[in-house]
Amino acid sequence: MLDHDDSGRPERQSAIIDRELLRYRVDVAALSETRLKGHGQLTEKNYTFLWSGSDQHQTGVAFAIHKDMLTRLADVPSALSNRLSCARIRLAEKRFLTLVDVNAPTMTYDDATRANFYADLGRVLSNVPKSDKLIVLGDFNARVGSDCPGWGRVLGTQARGRTNSNGSLLLELCTELDLAITNTFFAMADKWYYSWMHPRSRAWHLLDFILVRRDDLRDIKSTRVMRGATYETDHLMVRAVCNLRIAPVRRKRARQPLRKLDVSLLQQKAEDLVNKVSDSTNQLTDHNTEDVGVNERWGQISSAVYAAAKEVLGHPRRRHADWFDQNDADIEKLMAEVRVCRQQALSGVLQRATRRMKNEWWDSKAEELQGYADAHMTRAFYDGLKAVYGLRHSGSNPVLSADGATLHTTPEEVLRRWKEHFQQLLNRPSTVDSAAIERLEQRPTREDLDGPPTLDELQQALKSLKAGKTLRHCAAQ
5 MLDHDDSGRP
15 ERQSAIIDRE
25 LLRYRVDVAA
35 LSETRLKGHG
45 QLTEKNYTFL
55 WSGSDQHQTG
65 VAFAIHKDML
75 TRLADVPSAL
85 SNRLSCARIR
95 LAEKRFLTLV
105 DVNAPTMTYD
115 DATRANFYAD
125 LGRVLSNVPK
135 SDKLIVLGDF
145 NARVGSDCPG
155 WGRVLGTQAR
165 GRTNSNGSLL
175 LELCTELDLA
185 ITNTFFAMAD
195 KWYYSWMHPR
205 SRAWHLLDFI
215 LVRRDDLRDI
225 KSTRVMRGAT
235 YETDHLMVRA
245 VCNLRIAPVR
255 RKRARQPLRK
265 LDVSLLQQKA
275 EDLVNKVSDS
285 TNQLTDHNTE
295 DVGVNERWGQ
305 ISSAVYAAAK
315 EVLGHPRRRH
325 ADWFDQNDAD
335 IEKLMAEVRV
345 CRQQALSGVL
355 QRATRRMKNE
365 WWDSKAEELQ
375 GYADAHMTRA
385 FYDGLKAVYG
395 LRHSGSNPVL
405 SADGATLHTT
415 PEEVLRRWKE
425 HFQQLLNRPS
435 TVDSAAIERL
445 EQRPTREDLD
455 GPPTLDELQQ
465 ALKSLKAGKT
475 LRHCAAQ
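Residue numbers (the numbering used here): 5 to 481.
Please note that a few of the clues may not be correct.
Unchecked claim - Estimated spans, in silico, between C-beta atoms of each pair: (1) Asp194 x Arg157: 18 to 26 Å; (2) Val267 x Val344: 42 to 50 Å; (3) Asp452 x Lys49: 41 to 49 Å; (4) Lys71 x Asn247: 16 to 24 Å; (5) Leu26 x Gln428: 46 to 54 Å; (6) Lys467 x Arg360: 20 to 28 Å; (7) Glu315 x Lys49: 27 to 35 Å.
Simulated from the structure, these hints should not be mistaken for lab results. Values in this document were obtained by computation on a predicted structure and should not be read as measured data. All C-beta atoms in this analysis are idealised placements derived from N, C-alpha and C, irrespective of residue type, glycine included.
Assemble the whole structure, with the sequences as input and the hints as a guide.
Below is the structure:
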């Protein structure tokens with residue numbers, strides 16, 4: 005997901021992943037080797053990416069969750085480490101599905117590091133409630149071989165290849181926790197079984213697995229590689245189709261807020277707006293009844309003024325300035341060529357084309373903003389800056405406990421720690437001498453300043469306001 009100049013991958017990798025996941029109708033995806041720092045969240049058009057990484061742009065895991073599934077999350081996915089992340093989804097009948105995203109160390113790491121990782125993974129899986137459905141998925145960097153008789157409840161009859169030391173650690177963990185490797189239970193051709201090709205030997209291997217409890221294997225309808233997904237990575241997508249009932253969403257009907265009006269047309273249509281508001285208020289005056297309360301009367305006036313302004317000004321058009329969306333059709337054509345041809349050269353074409361589109365878009369946007377700046381059009385200049393500010397990133401930074409021994413990562417723990425900090429910082433005894441305050445000279449009270457403002461003062465204050473600078477709370481609603 006990280007786009008370096010020399011990465012050899014297209015710009016906006018998250019947007020391309022978003023497209024491919026939607027094309028393959030994936031609800032939740034587990035991503036490995038994201039190489040993003042720390043913890044964070046990124047929202048694309050269809051999916052929200054929640055990642056956990058290290059401080060050196062190494063390893064890292066992330067969940068890509070479809071926008072329709074976000075409301076089914078039992079809580080925010082927890083980042084256990086830069087190699088492990090956990091998410092919990094509500095199922096029907098008050099049950100839950102626990103997903104564990106894994107990025108295991110490769111064979112280049114020493115034995116102790118790999119053993120410690122599987123020990124940590126074992127502790128995480130042991131803490132999952134027995135009543136939960138469990139799916140463990142990701143890049144295990146392991147070869148499990150084809151010894152189906154020796155690992156009867158773990159491997160299926162379709163297991164292939166040889167095992168290695170990482171595979172032995174994984175098989176032992178699955179045996180201990182009664183987990184099954186779903187990739188090995190479905191008959192398929194080799195091209196839909198193997199997920200990674202060795203760069204030197206050009207031999208294919210299966211390194212990416214999807215594990216479930218052995219008794220829940222009936223919930224998996226199929227697990228296979230999707231070779232058509234365009235990710236520009238050396239691993240192919242592995243997709244499992246599950247037969248699970250997700251909890252329905254109970255939508256609450258909330259009061260819809262009033263939409264914003266296009267205030268940029270105020271100067272152009274000021275006279276029409278004054279006439280329309282005057283006609284609307286006159287109609288209220290003609291139908292005035294003395295038994296109407298103050299609040300109800302104000303509601304009538306507010307609704308009439310808003311309806312008049314809406315008819316004259318209308319609503320502003322939604323502006324989302326993004327170079328990727330503006331060139332959406334051209335990029336889709338290029339991606340289709342990559343999927344059809346499957347040639348390495350076309351990946352370079354895609355990268356160069358998107359970079360050229362990006363540079364041309366930024367050049368034109370820079371010229372537009374510079375024109376606003378030269379013409380001293382401050383409002384248009386800053387509106388343009390806001391439109392191109394970029395994707396919204398959100399996330400909570402971990403904080404240390406008061407004694408510095410514990411690192412709080414969940415939002416609830418972070419909020420409690422900040423509350424504790426400010427209580428200690430602000431709730432301190434006063435050191436001011438009350439006798440010194442009483443010795444201060446007192447000025448006479450100005451009773452004349454307590455009266456209501458006059459009509460002339462109100463008109464003068466309104467005239468002093470700049471166009472488009474009216475306080476939001478004072479605007480008609």
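Evaluation of the provided hints:
1. The hint said 18 to 26 Å for the Cβ distance between Asp194 and Arg157, and at roughly 24 Å that hint holds.
2. Between Val267 and Val344 the CB atoms are about 49 Å apart, so this pair conforms to the stated range of 42 to 50 Å.
3. Distance hint for Asp452 and Lys49: a CB-CB separation of about 60 Å, inconsistent with the stated range 41 to 49 Å.
4. As the Cβ distance of Lys71 to Asn247 is approximately 22 Å, the hint placing it in 16 to 24 Å holds.
5. With their beta carbons about 48 Å apart, Leu26 and Gln428 fall inside the hinted range of 46 to 54 Å.
6. For the pair Lys467 and Arg360, the beta carbons lie near 51 Å from each other, so the given range of 20 to 28 Å is not met.
7. The given range of 27 to 35 Å is respected by Glu315 and Lys49, whose C-beta atoms sit roughly 33 Å from each other.
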